[in-house]
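Engineer: Spelled out from the first residue to the last, the chains are:
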Amino acid sequence: MALDADVVRLRRGDLNALSELITQYQNRLYRYLLRIVREPAEAEDLFQQTWLRVVEKIRSFDASRNFDAWLFTLARNLAIDHLRRIRPESLDEPLANSRHSENVADRISSKDHSPLDHALAAERRTEISQAMAGLPMIYREALTLRFEDEMKIEEIAQVTAVPVSTAKSRLRRSLEQLRDALEARYPGGTWQ
Amino acid sequence: MNEHDKIRELLALAAAGALTSAEEKQVAEHVRSCIACSNKLEAWRPIASELRRLPTPQPSSWLAQATLARAEAKLTEQAEHDWNRRLMIVVVAFAWVLTIASWAVFHVVSERFERLLGPQFSHTFFSQTLFSQRWISFAAFTALEWIAGGVAAVMLAIRQRGEGRLV
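Line order of the protein sequences matches chains X and G. The first sequence begins at 14 in the numbering used here and counts up by one. The second sequence begins at -3 in the numbering used here and counts up by one.
Honestly, the hints are just simulated from the structure, not real lab data. Positions of the beta carbon are idealized from the N, C-alpha and C atoms, including for glycine. It is possible that some hints are incorrect.
To be verified - Derived DSSO-like pairs (lysine-lysine); straight-line CA-CA distance at most 30 Å: (1) Lys2(G) <-> Lys21(G); (2) Lys165(X) <-> Lys36(G); (3) Lys2(G) <-> Lys165(X); (4) Lys70(X) <-> Lys36(G); (5) Lys21(G) <-> Lys36(G); (6) Lys165(X) <-> Lys70(G); (7) Lys165(X) <-> Lys70(X); (8) Lys2(G) <-> Lys36(G).
To be verified - Covered stretches of chain X (in silico footprint by chain G; criterion: 3 or more residues with CB under 8 Å from a CB of chain G, positions within the stretch not fixed): (9) 26 to 39; (10) 42 to 56; (11) 76 to 83; (12) 87 to 101.
As the list claims (entries may be wrong) - Using C-beta positions, here's what the derived DEER-type ranges look like: (13) Thr138(G) <-> Ala54(X): 35 to 41 Å; (14) Pro42(G) <-> Asp27(X): 42 to 48 Å; (15) Arg72(X) <-> Ser56(G): 47 to 53 Å; (16) Pro42(G) <-> Ala146(X): 16 to 22 Å; (17) Arg72(X) <-> Pro42(G): 33 to 39 Å; (18) Arg157(G) <-> Leu28(X): 22 to 28 Å; (19) Ala54(X) <-> Trp92(G): 50 to 56 Å; (20) Ala134(X) <-> Arg28(G): 26 to 32 Å; (21) Ile99(X) <-> Arg157(G): 26 to 32 Å; (22) Asn90(X) <-> Met84(G): 27 to 33 Å; (23) Ser73(X) <-> Ala153(G): 35 to 41 Å.
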């Protein structure tokens, strides 16, 4: 409701509403852009461009639509245009040299909660993050939208402009590729 | 593809919580009786769980403020653009009203002027071209007015753009 009110106020040119929306979406939008472009400076620049595009297009935004999906679609289009211009190969190719040499075979179960376990859990997430960064763009995107932004499949389909069935199969393939990448780094499921 | 293979394809999505309720039910029923699929599903769960708990990268602290400043400039520019457009519509409408009104004035004035000059004048060549064909002279006059207005508007726009670049 508050979000809808902010969007309505922004349509009238209210700068405070924009400030509230930026604050509200700051982390999510930045994270999404970072997962796509993988470079913090580029993600920050795209973050600014996305909000400028929001200001430019907010009057044509259909209030009955989902603002989240609209915002992420704008961000996605800008990010893809940027990648096409700067690094066209990065849209399809996995990140080169993304194999990690560290062995984590001696990790203990994540059910324990000692400081050491916390440190290991954090490291495990870093491993997953790195493995995810090595996936092609469409798979990184599917994973971040589903698991980090907690979007439903229908919303992911809307943001990525594909049918729901395609969004589903992309998500499945992204998980399979992530698992393969983790297994390649740590044979026998030792990353766990 | 048999039932078992179909369910295997759904296991990753089941761990991701991306199945419909009918699919979820189907998977739940199948894994109850299939140890291989049950193990597969269990193997997916830690990946899904860790993905949900990935640390959120933090943007630079200045990012929100910088974005807001740029957006404010954009909003101001847009408001100015809207104002200019509205002003242009009013000016154009006013120019049309003036043009139409000036036609009536021109008509009355030229008739009076013709009458003033006397009946012998209305048979001359000058009178026939200028007053009998009033509408042609008026159209030419109006066209000249609009062309001059257009040229002035273009020159102003070029100058404004030049000034904008200098700033």
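Engineer: Failing hints, ascending?
Structural biologist: 4, 6, 11, 12, 13, 15, 17, 23
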